[in-house]
Amino acid sequence: MTKQDYLIKNRQTLELIAKQLKESSLRSGFHLRDIKSACIDLLEHFESLLLSPLDQSENVVSELSDLLEKLHGAANQIEKLYPKKWTEAATDQLMAKFLDYLPSLQEELSLDIQAAMDRDPASTDPLEIAMSYPSIRALSHHRLAHMLFKEKLPLVPRFINTLSHQKTGIDIHPGAEIGSSCFIDHGTGVVIGETAVIGDHCTLYQGVTLGAKSFPKNPDGTIIKGQVRHPTLESHITVYAGATILGAITIGHHSIIGGNVWLTQSLPAYSRIQQSRYQQNFFTNGDGI
Amino acid sequence: MTKQDYLIKNRQTLELIAKQLKESSLRSGFHLRDIKSACIDLLEHFESLLLSPLDQSENVVSELSDLLEKLHGAANQIEKLYPKKWTEAATDQLMAKFLDYLPSLQEELSLDIQAAMDRDPASTDPLEIAMSYPSIRALSHHRLAHMLFKEKLPLVPRFINTLSHQKTGIDIHPGAEIGSSCFIDHGTGVVIGETAVIGDHCTLYQGVTLGAKSFPKNPDGTIIKGQVRHPTLESHITVYAGATILGAITIGHHSIIGGNVWLTQSLPAYSRIQQSRYQQNFFTNGDGI
Amino acid sequence: MTKQDYLIKNRQTLELIAKQLKESSLRSGFHLRDIKSACIDLLEHFESLLLSPLDQSENVVSELSDLLEKLHGAANQIEKLYPKKWTEAATDQLMAKFLDYLPSLQEELSLDIQAAMDRDPASTDPLEIAMSYPSIRALSHHRLAHMLFKEKLPLVPRFINTLSHQKTGIDIHPGAEIGSSCFIDHGTGVVIGETAVIGDHCTLYQGVTLGAKSFPKNPDGTIIKGQVRHPTLESHITVYAGATILGAITIGHHSIIGGNVWLTQSLPAYSRIQQSRYQQNFFTNGDGI
Chain A
52 MTKQDYLIKN
62 RQTLELIAKQ
72 LKESSLRSGF
82 HLRDIKSACI
92 DLLEHFESLL
102 LSPLDQSENV
112 VSELSDLLEK
122 LHGAANQIEK
132 LYPKKWTEAA
142 TDQLMAKFLD
152 YLPSLQEELS
162 LDIQAAMDRD
172 PASTDPLEIA
182 MSYPSIRALS
192 HHRLAHMLFK
202 EKLPLVPRFI
212 NTLSHQKTGI
222 DIHPGAEIGS
232 SCFIDHGTGV
242 VIGETAVIGD
252 HCTLYQGVTL
262 GAKSFPKNPD
272 GTIIKGQVRH
282 PTLESHITVY
292 AGATILGAIT
302 IGHHSIIGGN
312 VWLTQSLPAY
322 SRIQQSRYQQ
332 NFFTNGDGI
Chain B
52 MTKQDYLIKN
62 RQTLELIAKQ
72 LKESSLRSGF
82 HLRDIKSACI
92 DLLEHFESLL
102 LSPLDQSENV
112 VSELSDLLEK
122 LHGAANQIEK
132 LYPKKWTEAA
142 TDQLMAKFLD
152 YLPSLQEELS
162 LDIQAAMDRD
172 PASTDPLEIA
182 MSYPSIRALS
192 HHRLAHMLFK
202 EKLPLVPRFI
212 NTLSHQKTGI
222 DIHPGAEIGS
232 SCFIDHGTGV
242 VIGETAVIGD
252 HCTLYQGVTL
262 GAKSFPKNPD
272 GTIIKGQVRH
282 PTLESHITVY
292 AGATILGAIT
302 IGHHSIIGGN
312 VWLTQSLPAY
322 SRIQQSRYQQ
332 NFFTNGDGI
Chain C
52 MTKQDYLIKN
62 RQTLELIAKQ
72 LKESSLRSGF
82 HLRDIKSACI
92 DLLEHFESLL
102 LSPLDQSENV
112 VSELSDLLEK
122 LHGAANQIEK
132 LYPKKWTEAA
142 TDQLMAKFLD
152 YLPSLQEELS
162 LDIQAAMDRD
172 PASTDPLEIA
182 MSYPSIRALS
192 HHRLAHMLFK
202 EKLPLVPRFI
212 NTLSHQKTGI
222 DIHPGAEIGS
232 SCFIDHGTGV
242 VIGETAVIGD
252 HCTLYQGVTL
262 GAKSFPKNPD
272 GTIIKGQVRH
282 PTLESHITVY
292 AGATILGAIT
302 IGHHSIIGGN
312 VWLTQSLPAY
322 SRIQQSRYQQ
332 NFFTNGDGI
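Residue numbers (my numbering), protein chains in the order written: chain A, 52 to 340; chain B, 52 to 340; chain C, 52 to 340.
Since the hints were made in silico from the structure, they are not lab data. Be aware that one or more of the hints could be misleading.
Note that the list lumps identical chains together, so a pair holds whenever it fits in one copy or between two copies.
[To be verified] Taking lysine to any residue pairs in the SDA-like style, the calculated list, with each CA pair at most 20 Å apart, reads: (1) K87 x M198; (2) K203 x T138; (3) K264 x R170; (4) K276 x M168; (5) K218 x E95.
Keep in mind it's a predicted model, so treat the numbers as computed, not measured.
Chain A with its partners taken away, still in its complex shape:
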C-alpha cells in the first residue's frame, strides 16, 4: 500500500486526529513560531555585530540596523500575543534602553574575552576566543537575554537561552546575575539558575550546577514560584568541573571549590574544599567495576 493509499483510506482517522490535536492545549498562539524564528535571526545578527570582525564601518551600521529590526520585530509579535503584558510603549522604551546598553555590553564582552585570555593557558589570540569559545558565546547571549528579562519582555529571553544552550551546552536562566570578567571554560553541562548571583572575576568549569534544592509549597501542594532559591557566589571564586552547588547559600569570595563536590551549605571567604578521598577497591568482578 502506498502512502497515498493510507491517506485516502485513513482520511476519517486523520481528520479525527487533526481535530484532537487542534483542540489540545497547544493549538493557540500561532505567533510563537514567528517569535522563535525572529530570535534565531536576532542572535545571528547579534553575533555578527559583536563577536565577528567587520571590515568596514558601513557593515557595522548595516548589521546594527538588522539587529534592531529583528529585536523590534520580536517585540511587535509579543505585543500581539500578550497584549495585556506588553504594549507598543513598552517596545519603544525597550528599543531606547537597548541602544543605551550596547556600548557597555561591548565593554563587558571585552572583559569576558580578556578573562579567558588571562586564565586559559591554551588561549593564544583574542580573536580566536571571540569567535570560538563557548564561554563568550554563552555570556554574550546571556547578557542580552538578561537585559531583556529585566525589561520584562515575555518569551524572547527564554528562547535566546534555549538557542544558546543548544549551541554551547551552557544553560543560563535569563534571570541570573553575572558580574564582570567571567570565564566559563569548556562549559558543556553548566547550569545557572534563575536567582543565582555570580560576582566579578569568577571562573566556572564544565558541568558546574548552581541550582535549587526542593521547593517550598503552597497549601494546595503547588510549588511557590519567584523565591530566591539559587546560590550567590561572591567575587574571585573558582569552581572546578562537575561541582553541584544547590540552594540559597553564599560562597565567600576567593573560595575554590573542587570538582564533583555536592555542596548545599554556605562557605566563608577563602574556603578550599574538595571531595572526600576515593576508595581503593578490590572488585568482586575481576574484569571491571
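Following the hints, position chains B and C against chain A.
For chains B and C alone, coordinates are given in the frame of chain A:
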C-alpha cells in the same frame, strides 16, 4: 602551487586513495544518507505537528500528511537496505500502528509538559515549555523512537536518538522505557541506557547517568549483547545533577538521590542518599587546587 | 513608533555606536569569517568522504577533491591573515602531508569503529556506528585537527574543535594525543586538554575531564603558557562517567576509574578506584534534599 595543480599532479595518488576508500568497509549501503536525511525531515514535521502551535486545522492535516510521508519514506528505504529484516508488510503495519499511537502520544506529551510546569519554579507558560524545554524535545523524540524500536524498524530509531542528543544534550537509547509525567530538567549530559526502566512521576536533572557496569563476556571474549544491564527506577523518584547509577539494580519508589553520587547497588523505597561530606583542605599550592 | 522611525531619530546615536564598535579590538581580521565558513564546509566534506557510504568511485574522487579544495582555501586565508606565521610553502607542505595521512586516518577510524562495536553492547552495525556515534564524529574531527595542529596551521584546528564540540558535546583540544582503538561512549561533557595523552585501547564515558589544576605564573602574574599540565593515560584504561582527573599525572595501564571521582594524583597500573561510599540521610526537610 594552486589547488588545481595539486589535483593534476596528484591524480594518481588521489585515485589510489579513492580506491582504498571505496574498498573500505564503509563503501556500501548508499541508502543510508537518504535515511538519515529522511529522519531529519521526520523530526522537523514531528515537532511542527506536536510541539508548535498551528493556527488552522488545514495546517494540522497538512503537517500530519507530511509527517506520515516522511516516516513512510524512511521505512521504504529500510526495506531496500535490509530486505531480510524489513518488508513492505512491516511498513504497512508500522504506519497503521503509528496512526493509532498518535493520540496517546499527544496525551503523554501533555503530561510531560504539565510535569515541567508543576516541578520547575522558573516555568511560567505551557507554550514556552513546549517550544523551548530540552526535556519536552528529548522526551517527544524518545517516545517516537521507542515506538519505532518496539516495532523493530532498523536504524531509524537510533538516528532519531542521535539527532535528539545533538539538539538537547540528552542521550536516551530508543530501547529505554520511560513512564508518564517525566521531567528531565536542563538535561545536558543525561544518558539513559537501552534496558533502563523509569517509572511514572520521576524527575532527573542534568548529567544523570542510568548506565551499565562492565559486561559479561562470551567464551570467545566478545561481550554478550541484549542482556538487562541498566537500572530500574520505580515511581516518584528524583535524581539530582550528575549522579551516576550503574547496573541492573532497582531504586525504590519515592527515593531521592543526591547529586554526583556513584551508585551501583539497589535501594529500598523512600531512600535518601547523598555524597559523603567534602574535605576542608589546606593546599600545598596557596594559589589553588 | 516604527523601526524606521527609530533608525532616523537615532541616526546620530547609531553612528556613534558604530564608530565605537568599529574602533574596538574586534574590528580587524575580516578574513576570519571566511576561514570559519571554510572550516564548516571542510568538516562536511570530510564526513561525507570518511564517515558516509558513497555508492560509486567517481563520488569518492569528487568528495575528495572538494575536501582538498576546502582545506587549501582555508590555508590560503590563513596566509593572508597571518603572513608572518604561515606561507604559501607551508600550504604546499600541508597539502602533501594531508594526502599522505588520509589512508592511515581511514585505518585509525576503522579501529575506532571496531572499538565501539567491541565495547558497546547496544551496538549492532558498524555503519550505524560510523554515521551516528558521537565518539566517531569527535575522534575523526580530532584526528584531522591534531594533524593540522602538529603542522602549526593557525586557527583552523581550533575552529574544527569548536564545531565538533558544538555537534557532539565532546571538547578535545587539537593538541591532545589520542592513541588507537579509542571509544568515548555517549560523550556529552567530555573535556580533554591540550597536553593530555591517551594510550591505545582506552574507553571514556560521558562527562570525563582530563584537565589542568591551577597554573604556575610568571613574575608579572600572568600564567605561563605551553607547559604540560594535563594527565597521561597509559593503555587499556576505562574511566566512568563524570570522573574529573586533573594535573600532569599518570594513570597506569589497565586501570579502572569509577564515576564522579576527583583525582589529582598518579596511580599505578591495574588500579581500581571509586568514590567513597554515599551517606544515608535523614533530611531536615521531609520533602526532599
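Practice item. Just pull the numbers of the violated hints for me, sorted ascending. Key: Violated: none.
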